[in-house]
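Peer 1: The lines below spell out each chain.
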Amino acid sequence: MSASYCSLLYLAAFLPAVILLYLILPQKARPILLLAASWFFFWSISGTLIICLIFSVFVIHGIGLKLDGLKSERDEKLKNPGDRSKKEIKAEYQKYMRRFLAIAILLNIGLLAFYKYMGFTVCNINSVIKLFGCKAAIDIPSYAAPIGISFYTMQAMAYIFDVYREKIKADRNFFRLALFMSFFPQIVEGPICRYSDTAIALWEGKRIRSNDFLMGIQRISFGVMKKIIVADRLNIVIGNIYSGYKNYDGAIVAASAVFYALQLYMEFSGTMDIVIGSAEIFGITMPENFSQPFFSKTISEFWKRWHITLGTWFRDYIFYPAAMSKPLKKLTTNARKKLGNHFGPLASSSIALFCVWLCNGIWHGAGWQYIFYGMYHFSFILVGNIIEPFVISAAQKLHIRRTCKPYVIMQTVRTFIIVCIGEMFFNAHGLRAGFEMLGKILTDFTPSSLWNGTLFKLGIDKLDILIICVALLIVLSVSITKEKKISLGKWIISRPLYVRIPIYYSIILFIAIFGAYGTGYVPVDPMYANF
Amino acid sequence: MGVNLKKILRRIMYTVIFFAGLIVILLVSSYIFTPKSNKGGSVLKPSYETGLLGENKDTIDAVIIGDSEAYSAYSPMLMWKNNGITSYVCSTAAQQLYWSDNFLHEAFEKQKPKVVILETNAIFRKMTYADTSANRISNMFSIFRYHDRWKDMKLKSIGRKADYSWTDDNKGFRCSSSVNGVRQRKYMKYTDKTRPLPDINRRYVSKMAEYCRKNGAELVLVSTPSSKNWNYQKHNAIERLAKEQKIKYVDLNLISDQLHIDWLSDTRDRGDHLNYTGATKVSDFMGNYLAENFKLKDHRNDKAYSKWNSALQRYLLSVQK
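Chains as they are written, first to last, in our numbering: chain A, 379 to 909; chain B, 6 to 326.
Calculated from the structure, these hints are not laboratory results.
One or more of the hints may lead you astray.
[What the hints assert, rightly or not] PhoX-like, lysine-lysine: derived pairs with alpha carbons at most 20 Å apart:
{"id": "1", "chain 1": "B", "residue 1": "K119", "chain 2": "B", "residue 2": "K302"}
{"id": "2", "chain 1": "A", "residue 1": "K545", "chain 2": "A", "residue 2": "K473"}
{"id": "3", "chain 1": "A", "residue 1": "K449", "chain 2": "A", "residue 2": "K465"}
{"id": "4", "chain 1": "A", "residue 1": "K584", "chain 2": "B", "residue 2": "K12"}
{"id": "5", "chain 1": "B", "residue 1": "K233", "chain 2": "B", "residue 2": "K194"}
{"id": "6", "chain 1": "B", "residue 1": "K191", "chain 2": "B", "residue 2": "K233"}
{"id": "7", "chain 1": "A", "residue 1": "K840", "chain 2": "B", "residue 2": "K156"}
{"id": "8", "chain 1": "A", "residue 1": "K840", "chain 2": "B", "residue 2": "K159"}
{"id": "9", "chain 1": "A", "residue 1": "K704", "chain 2": "A", "residue 2": "K473"}
{"id": "10", "chain 1": "A", "residue 1": "K835", "chain 2": "B", "residue 2": "K156"}
{"id": "11", "chain 1": "A", "residue 1": "K406", "chain 2": "A", "residue 2": "K584"}
{"id": "12", "chain 1": "B", "residue 1": "K198", "chain 2": "B", "residue 2": "K248"}
[Stated by the list, open to error] Some chain B residues close to chain A (C-beta under 7 Å, calculated; not the full set):
{"id": "13", "residue": "I30"}
{"id": "14", "residue": "A135"}
{"id": "15", "residue": "A139"}
{"id": "16", "residue": "I148"}
{"id": "17", "residue": "H152"}
{"id": "18", "residue": "W155"}
{"id": "19", "residue": "K156"}
The beta carbon of each residue, even a glycine, is placed where N, CA and C say it ideally should be.
Extracted from the complex, chain A is given alone in its bound form (with noise of 0.2 Å):
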């Protein structure tokens, strides 16, 4: 199977077969018959590999048993705790726990450094036994990775983090465990769930609703539009100029950037569509990983819009953890002092969020430009955290109220071009052609190649941008209902049948004609999967 959840075999073949079978078994069976589609979606995908999955839900079930037993144990000894003190019950034990964890930790984050990082790492030691004039080298070893081993060793590591901080307790049904960590929609790129969201709901195995039935289709509708009318055909035009960008001036370049950018945004936000909608069919709720990211003013609130559940995930489990341990913490205080109250706990948080921007850029890619790109977002966001006392008092000063519209809309602009920036760097053939990159916007922008007919020979025409802009303006509609807190969903399925229909006929009718698939198209792969 493919790994795209817009491929026929998945929405026409795979999903219809799943959810005929739901319908069909009873309560009971249904929770096993999710989890055994699931471990065939993954093992279609990366075979024998499904054995890490397999073994991450191992550790992560008999550890997590482990520290609950500890806990229980712990508290025992608490009520009844004789000639020893209750801190130094709760530090032994605490020790214990913590070596539990790092086990998990140690397995789990092993692996996923084995298949990642290996080559990247071998790579980079090369480089320095070179630098010592030596010529002999390591082989770079190559092999293929689990497909989402990203995601679910985060949901891995979240839950034994959850069982060791208490947050919850360690579930004792193995398959449950299993059902949460390989749900077939979410494996290969995510949402990032937390054991709280989705696993009880997973097992219960409710009846498919009709409302959650049409809610899921719909979404996934949206999605597929999103992917095929958009990302797929802006495919060939970015592939073409970011491979051939010394040949062309800044403008081409900037316009390849803005395009990667949509691409990214529809593909990524599109398949989480398709996978939300997914589960929703059998009335499962999954975090969302968007919400109107293009809508933000700084650098600070994109990362709090676009994939959420990661963002969430590095604030939970490396941010906090950072910002209140113990060395940190000293910091703040004796930093107050001399900094006072805006800049000395900005110093401590800058060093947690510095923790958060490395792990974000190594955990996109094993590569130095992806390192950059964390540091590129943790730059404007330290930046901004540094100047905003002085913007205040600017504003003030020259009289901008700084929630009027010009002033909004300058601010989004703003952070649209930064993000858009970030991602050509993203997406650059190496740190050097994205710098090389950068150099042609600033230096060689020639306006006029954006309608003089060079780049409509990319891969791209007018009516192909024509299209692209009518489908981002539905988009956008939506996106401006959902910012307003309208569902427009609820709002068709509440209409009388003799209007819905004709509006799922025109989402099937604009999907099959504008769609860029077929001969002359090259789809856009899972930009997310290998992550």
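Let chain A serve as the given structure and place chain B on it in line with the hints.
Peer 2: Okay, now just chain B, sitting in the frame of chain A:
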């Protein structure tokens, strides 16, 4: 219980009505989007291979199907000139076997060819069950194949009657006079090894052979000379397949010396495809092979085929340019 059953039945009925309506809409839009002329000239319906639709009924003796190797190497007009055989090349770049199957069915709609040649390079092209399923859906609802015509469709063409009368003077052959030769070492080195052939591809060849048999034609597998694309492992795979399916197989790569193929002058892209001089040599051989082995009539003096003689004059003028 009764209420529940009623509810379920009502839902099933709504679903059936919804899908019935959808099928009608897809059929109507398929009619609208299907090209009204076989002189397409676009990637959706390239004119070269669809020129076959404009040929007079039951006038074609042989149909040649395959990828770019086929349309670069076989010139039906040269076979007509030398042997009086009428043939047509229905090939497209990077043709998948399910496309070949489509062309085969299309060819038999109006013609009764006695021989169908399948160029073997396409047999190795990877395809998935999803690809073949998508192809089947596109065959049922051509909107999925021709959807991109929205870019050049005109309102007045929507209700127009289809006119598939255009014919191609080259009969599907794409002539290239450019020379980009290669100093060739022996590329057909004997080996026992066999290139694996996916099951789905095997099944398609078997299906096509069966279809030809049912329609009174014979499928022949032919490997066109290509020093870049062909080797002995592929030869072994096709030879085994041909034996299994009881299909004739001719590997021109094994007799490229006999054909006098000179890889310095007979290729347009360093051994990948043949150019016009290479195609002349292959077409001379193939004309004789078809005439001798399938007892195809010489139609050159048949008045019913006079259009082919006038097309030959135009063809010769165009290749001389």
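Peer 1: So, for every hint listed, does it hold in this structure?
Peer 2: Now for the hints, and whether the structure bears them out:
1. K119/B / K302/B: Satisfied, since the Cα-Cα distance of roughly 11 Å is no more than 20 Å.
2. K545/A / K473/A: holds (18 Å)
3. K449/A / K465/A: holds (14 Å)
4. K584/A / K12/B: The given pair, whose Cα atoms are some 19 Å apart, holds under the 20 Å limit.
5. K233/B / K194/B: Given pair K233/B, K194/B holds - Cα atoms ~13 Å apart, limit 20 Å.
6. K191/B / K233/B: holds (11 Å)
7. K840/A / K156/B: Holds, at roughly 10 Å.
8. K840/A / K159/B: holds (17 Å)
9. K704/A / K473/A: holds (17 Å)
10. K835/A / K156/B: holds (16 Å)
11. K406/A / K584/A: OK: K406/A and K584/A at ~9 Å, within 20 Å.
12. K198/B / K248/B: holds (16 Å)
13. I30: holds (6 Å)
14. A135: Since chain A brings a Cβ to about 4 Å from A135/B, closer than 7 Å, the hint holds.
15. A139: Holds. Min distance 5 Å.
16. I148: holds (6 Å)
17. H152: With a closest approach of 5 Å, the H152/B hint holds.
18. W155: holds (5 Å)
19. K156: holds (5 Å)
Consistency with the previously given hints is maintained throughout, with no hint failing.
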